Amino acid sequence: MALKPCTATTKEAKVASPNLPVLKERGQREVFCGLTGIVWLHRKMQDAFFLVVGSRTCAHLIQSAAGVMIFAEPRFGTAILGDRDLAGLADANDELERVVAQLLGRRPDIKTLFLVGSCPSEVIKLDLATAAEKLNREYFPQTRILNYSGSGIETTFTQGEDACLGSMVPVLPEKETDEPALMVVGSLADVVEDQFQRLFDRLGVGPVSFFPPRRAAELPEVGKGTKLLVAQPFLSETVRSLLHRGAELLPAPYPFGIEGTTAWLRAAADVWGIGGQAFEEAIAPAVSRAETGLARYRETLNGRKAFFFPDSQLEIPLARFLSRECGMELTEVGTPYIDRMLMDAEIALLPEGTALAEGQDVERQLDRCREAHPDITVCGLGLANPLEAEGMSTKWSIELVFSPLHGYDQAADLAELFARPTERRRRLSV
Amino acid sequence: MELTLWTYEGPPHVGAMRVATSMEQVHYVIHAPQGDTYADLLFTMIERRDRRPPVTYTTFQARDLGGDTAEMVKTSVQDAYDRFQPQVMLVGESCTAELIQDQPGALAQGMNLPVPVVNLELPAYSKKENWGASETLYHLIRTLLLPLVPEPGFQRPERDPQVRPKANILGPTALGFRCRDDIQEVIKLLGEVGVDANVVAPLGATPDDIRRMPDADFNISLYPEISNTVCSWLERSFKQPTVKTVPLGVGATRDFIQEIGDVTGIDVGAVLVRSRSDTLGNWSASRITSTEAPGASRLPWYSRSVDSTYLTGKRVFIFGDATHVLAAARITTEELGFTLVGIGTYSRKFARQVRALAKEHDLEAVITDDYLAVEAAVAEAAPELVLGTQMERHIAKRLGLPCAVISTPIHVQDVPARYSPQMGWEGANVIFDDWVHPLMMGLEEHLIGMFRDDFEFAEGHMSHLHTAAESNSADMEKAVEVAIAAEEQAKPAESAPEEESGVTWAPSGLAELKKIPFFVRGKVKRNTEKFAQGLGITEITVDTLYEAKARIGK
Numbered sequence: 001m002a003l004k005p006c007t008a009t010t011k012e013a014k015v016a017s018p019n020l021p022v023l024k025e026r027g028q029r030e031v032f033c034g035l036t037g038i039v040w041l042h043r044k045m046q047d048a049f050f051l052v053v054g055s056r057t058c059a060h061l062i063q064s065a066a067g068v069m070i071f072a073e074p075r076f077g078t079a080i081l082g083d084r085d086l087a088g089l090a091d092a093n094d095e096l097e098r099v100v101a102q103l104l105g106r107r108p109d110i111k112t113l114f115l116v117g118s119c120p121s122e123v124i125k126l127d128l129a130t131a132a133e134k135l136n137r138e139y140f141p142q143t144r145i146l147n148y149s150g151s152g153i154e155t156t157f158t159q160g161e162d163a164c165l166g167s168m169v170p171v172l173p174e175k176e177t178d179e180p181a182l183m184v185v186g187s188l189a190d191v192v193e194d195q196f197q198r199l200f201d202r203l204g205v206g207p208v209s210f211f212p213p214r215r216a217a218e219l220p221e222v223g224k225g226t227k228l229l230v231a232q233p234f235l236s237e238t239v240r241s242l243l244h245r246g247a248e249l250l251p252a253p254y255p256f257g258i259e260g261t262t263a264w265l266r267a268a269a270d271v272w273g274i275g276g277q278a279f280e281e282a283i284a285p286a287v288s289r290a291e292t293g294l295a296r297y298r299e300t301l302n303g304r305k306a307f308f309f310p311d312s313q314l315e316i317p318l319a320r321f322l323s324r325e326c327g328m329e330l331t332e333v334g335t336p337y338i339d340r341m342l343m344d345a346e347i348a349l350l351p352e353g354t355a356l357a358e359g360q361d362v363e364r365q366l367d368r369c370r371e372a373h374p375d376i377t378v379c380g381l382g383l384a385n386p387l388e389a390e391g392m393s394t395k396w397s398i399e400l401v402f403s404p405l406h407g408y409d410q411a412a413d414l415a416e417l418f419a420r421p422t423e424r425r426r427r428l429s430v
Numbered sequence: 001m002e003l004t005l006w007t008y009e010g011p012p013h014v015g016a017m018r019v020a021t022s023m024e025q026v027h028y029v030i031h032a033p034q035g036d037t038y039a040d041l042l043f044t045m046i047e048r049r050d051r052r053p054p055v056t057y058t059t060f061q062a063r064d065l066g067g068d069t070a071e072m073v074k075t076s077v078q079d080a081y082d083r084f085q086p087q088v089m090l091v092g093e094s095c096t097a098e099l100i101q102d103q104p105g106a107l108a109q110g111m112n113l114p115v116p117v118v119n120l121e122l123p124a125y126s127k128k129e130n131w132g133a134s135e136t137l138y139h140l141i142r143t144l145l146l147p148l149v150p151e152p153g154f155q156r157p158e159r160d161p162q163v164r165p166k167a168n169i170l171g172p173t174a175l176g177f178r179c180r181d182d183i184q185e186v187i188k189l190l191g192e193v194g195v196d197a198n199v200v201a202p203l204g205a206t207p208d209d210i211r212r213m214p215d216a217d218f219n220i221s222l223y224p225e226i227s228n229t230v231c232s233w234l235e236r237s238f239k240q241p242t243v244k245t246v247p248l249g250v251g252a253t254r255d256f257i258q259e260i261g262d263v264t265g266i267d268v269g270a271v272l273v274r275s276r277s278d279t280l281g282n283w284s285a286s287r288i289t290s291t292e293a294p295g296a297s298r299l300p301w302y303s304r305s306v307d308s309t310y311l312t313g314k315r316v317f318i319f320g321d322a323t324h325v326l327a328a329a330r331i332t333t334e335e336l337g338f339t340l341v342g343i344g345t346y347s348r349k350f351a352r353q354v355r356a357l358a359k360e361h362d363l364e365a366v367i368t369d370d371y372l373a374v375e376a377a378v379a380e381a382a383p384e385l386v387l388g389t390q391m392e393r394h395i396a397k398r399l400g401l402p403c404a405v406i407s408t409p410i411h412v413q414d415v416p417a418r419y420s421p422q423m424g425w426e427g428a429n430v431i432f433d434d435w436v437h438p439l440m441m442g443l444e445e446h447l448i449g450m451f452r453d454d455f456e457f458a459e460g461h462m463s464h465l466h467t468a469a470e471s472n473s474a475d476m477e478k479a480v481e482v483a484i485a486a487e488e489q490a491k492p493a494e495s496a497p498e499e500e501s502g503v504t505w506a507p508s509g510l511a512e513l514k515k516i517p518f519f520v521r522g523k524v525k526r527n528t529e530k531f532a533q534g535l536g537i538t539e540i541t542v543d544t545l546y547e548a549k550a551r552i553g554k
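For the record, the sequence lines run as chains B and V. Following my numbering, the numbering of the first sequence begins with 1 at its first residue and continues without gaps. Following my numbering, the numbering of the second sequence begins with 1 at its first residue and continues without gaps.
Bear in mind the hints are in silico, worked out from the structure with no lab data behind them. All figures in this text were calculated on a predicted structure; none of them were measured in a lab. For each residue, glycine too, the CB sits at the ideal point set by N, CA and C. Keep in mind that the hints are not guaranteed to be accurate.
Said to hold, decoys possible - EDC-like cross-link-like pairs, simulated, lysine to aspartate or glutamate; straight-line CA separation at most 20 angstroms:
| hint | chain 1 | residue 1 | chain 2 | residue 2 |
| --- | --- | --- | --- | --- |
| 1 | V | Lys349 | B | Asp83 |
| 2 | B | Lys395 | B | Glu423 |
| 3 | B | Lys125 | V | Glu2 |
| 4 | B | Lys395 | V | Glu547 |
| 5 | B | Lys24 | V | Asp64 |
| 6 | B | Lys395 | V | Asp64 |
To be verified - Listed next, the stretches of chain V that the computed footprint assigns to chain B, with coverage defined by at least 3 CB atoms under 8 angstroms from CB atoms of chain B:
| hint | stretch |
| --- | --- |
| 7 | 26-37 |
| 8 | 41-48 |
| 9 | 95-106 |
| 10 | 121-130 |
| 11 | 249-255 |
| 12 | 381-387 |
Unchecked claim - If you want the ones that stay clear, here's a sample from chain B, every Cβ over 10 angstroms from chain V, calculated:
| hint | residue |
| --- | --- |
| 13 | Val22 |
| 14 | Ser55 |
| 15 | Thr57 |
| 16 | Phe76 |
| 17 | Arg137 |
| 18 | Arg215 |
| 19 | Ala282 |
| 20 | Ala295 |
| 21 | Leu349 |
| 22 | Arg370 |
| 23 | His373 |
| 24 | Ala384 |
Work out the full structure, taking the sequences as your base and the hints as a guide.
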C-alpha cells in the first residue's frame, strides 16, 4: 500500500482506494447525536465547560449517555430553551448572556467555554457564533468562548468531537518556524498519550503536540511544518481545517492493534527519516509485549463472525483489526458515514468482498443480522440487551469509545473486549 | 432559558415512551432527529428490558428539512404499522419536530390505518416527563374507551353483593420506582379484603385490556403524578370512584384498605385488626412453615424493638417525586421516629401538598428541579440520612451522608433482581431495611461518639452496612461549605451578606468543635455563632459551645 502525504484540502482528495461495494441505507438510525461527545471531552479538557443551548431532551440525552453519572460536578450543562425563548418574548442573546454570567460566576476556573448548538437551536437559527463573539468581548482573555454544533440533524455521535476540535482550530497559535513538528489529532486517554509520547521519544520524532490538549487554554501551535497524525477516524472537518492552516496530513491506518499502530507510527517516522532497523528497534519491545498479550485472545476469536452496527466511526478500523490480527470473519461492517480521505487507508486493508454499509435502516439491518447470526454483534446499548435476549452475543460499542484502546499496550485489551462476551457465555451455566 | 446540570425529569415524549413501553401491542412513532433514539437505552439498560421499546423514530437530518419531512412521517408510520401490526398507534414528536410543525399525529390520523391512532401533542418546551406520561395514558385510554362511554345521567347499577368487586390499578409504568413489585403487593392487599384486580395499566396491559376497564367498580390511582388525570376522567365518564390513598408505609396501607372498604361497602375491620394484632416476632413452627402472607408488616414491631431506640430523632432530608416524598415523610416521622429536617419535590404540580406538609414540621419545602439548590438545602439541613432520587445519592455521597433511593429518577441498581416492593405490608418491611441499614447502629454510634480519637475510627465513619465514601471528612466538610456558599452566591443579593460580626473562636472552643461529627459540625458552628452574636459574646469558648447546645438542643 502506497501512502503519500496529502495536502489537498477538498473532499476530492485522491488517495488510492479499492472499489468495495457499499450498501447505502436511509431510515431509522439507532445512533447518538454529536452532543454525546461532551461526555468524554469535558473530562479530557479539564479547564473547559460545555454549555449546550438546547432542550430538555438534550440535557436528558447527555446525562443518560453518561450512563453512570459522574460524582464530581459536571463541567457541562444545558441552557434549556423555554416557550418564552421560542415565542420571541425573551431575547435569546440576552438570555444566553445571563446564563453564561450565572455559570462563569459559579465556575470562575473555566478557561474555555464551548457554546454547543443542538437540533432546536439550529432549527430556530440561533446564531451562536455571533453570541460567542459578543461574549468574548466581555470575558476574553479570562475565558475564551467558542461554539460548535453537536446537533443530531448535522452530526452523529463522534462527529461532535470533530465539530468541537474544528471550532478550536482557528484559535490555535500560528507556528513560528517551518521546522517539522508532529501533531496527534483526536482525544486519547491520558495513559495512551503518555505511551505514544514515550514511543515518539524513543524514535526521535518530535516535537509532538496532542490536540485536543489536556487544558483547553494550552493550545498547540499549527502551521507550515505541522505533520498531522490522526488518532481517531472521525475528525474529517478538523483535519481539513488544519490543512487550511498549512498542516500536512500523514495518511495512515489508525493505531488499533499492532499492525495499525506500527503503520501509524511509521507514517510519522518516515517524515523524520527514521526507518529500517532504527524504527524496528524502537518499537520492538512494545510490539513483542503486544503479541504476547494478543495471542491469548486470538485463539478465542479466530474464525468467529462479527457484525457491526453503525455507531462511532471506529467500525472500519476495528473490523480491520479483528479480521487481520484476530482472524475473525466480517459479516457486515456498518458505519454512519464514510469519508474516503480519512478511511481509504483502512478500507484498503479490509478483506476483499467485505460487506460495508453506510447509514442505517435499523429494522432492515436487524433482519440481516438475525439472518447472519454472527458470533458477536457490535451495537449500541439500545440494541444490545434485546439481541442478547434473542440469543445473540453482543459487544456494546460505546465502551469502544470510552476505553483506552489505542496503541500496542492496549491491543490485547481491545481483543479482550470482543472475547469477553464469548468467555462470559462459556462460564455461565444458567 | 434555564441553566440545568442534571435533570430530574426528561422531556414529555419520554413519558409517552414509558407508557408505550409498559404496554403490549402498542406502537409509538416519534417524529424526531437522529440522536433521540438515546431514550431506548433507558429501558434496555436501566430496567434491563429484553425487548426494544415499541418506538420508531423518523430520524430526520438537516438535509431533509428543506424537503418533505411530512412524507417521512407517513412512510415511518406505514412501515411501523406493516412491520409491527400494533392494535393502537401513538404518533407524536420530540422537541425539534415540534418546531417544524409537521403535525405528525394529525397526518397519521389521516392515513386511514385500520387501528386507532392517538395524536400525542406534548409541548416539549413547557412540560416534562411525568406530565407526558400522564397525558399519554389519558389520551390512550380515552381514545379506546370513548365509544363505550355511557349516556350522560348514567348511574352505576348497585353491585350484586354476591359478586366480588373489581378494581383497576392505574399508574404503574416502565421506569417507575419499583412498580413491578408494587403491583403484586397491591393485588395481595385487594385479595385480603375480597376485591379482584380487573386491569392493571399501563404496565403489562394490551389495548383489549383497556377496553375491559369499564367492568371495574372503582379505580386505584397508584401513582398520582401519572394516573390522576385519567382517573378523574373515568370517574366522570363511567362513574367509577377513585381510591386515592397510596399504600406506602403501614399507616397508609391501613388507610388504603379503609378507603377501599368505604368505596365498596366491604367490612375491612377484621383485616385492619389483623394488621395490628401480631408482632411477627414469634417464629413458631406453624409460622415458619406457612406460605400464607401474614397480612401485617414487621415494621411496627421492628420499630418498637429496643434496638431501634437509636433511631429516635434521626435527622432526615427527603426529596423526590411528590407521591414518594409525602409517603416518606409520614413513614419516617410516624413509623420510624425520625425528625424531618428538610423536604422537597420536583413535581411542581403537587407543590401545594408538599408545602403544607413541610409547614407542619416548621420547614420550608424545597420545590425545585435545580439539583444544585437541593444540594445546598441538604448541606444546610445537615441531616443524618437522605432519602431521595439518584441525584440525591450523588449529593449524599459528596457530602458523606448515608442515603436511600425512594423515587425516580433511578439507576440500574434501583431495579433489583429480588422482590422489593415499596407498597403494602412487604413494602413496609423493605422500607424498614432500606432506610435503616444505611444508618450507624446504636452501640456502634455510642462507641464512636465516646472514643472519637481512636486512631482506627476514620472520620466520617458510617454504619458497617453502609459503604462509606472514599474521600476524607475534611473534603466533605469542605463540600458542605462550598455547596452552601455557591448557592448563596447564586441567590440574588437581596440581603447584605451576614457580617463576620466579630465573633471569633477561642482555641478551646475550636478544639471542642472538632469533636463533633463532621456532618453536623457546620450546622453547630453556625448555630453557636448566631447564639454568641445574639448575646454579644465575641469569643466562643468551650462553655459558649455547651451553652448554645443547651439552648438549641440537639
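> Which numbered hints turn out to be false for this structure?
Replying inline: 4, 6, 11, 12, 14, 15, 16 and 24
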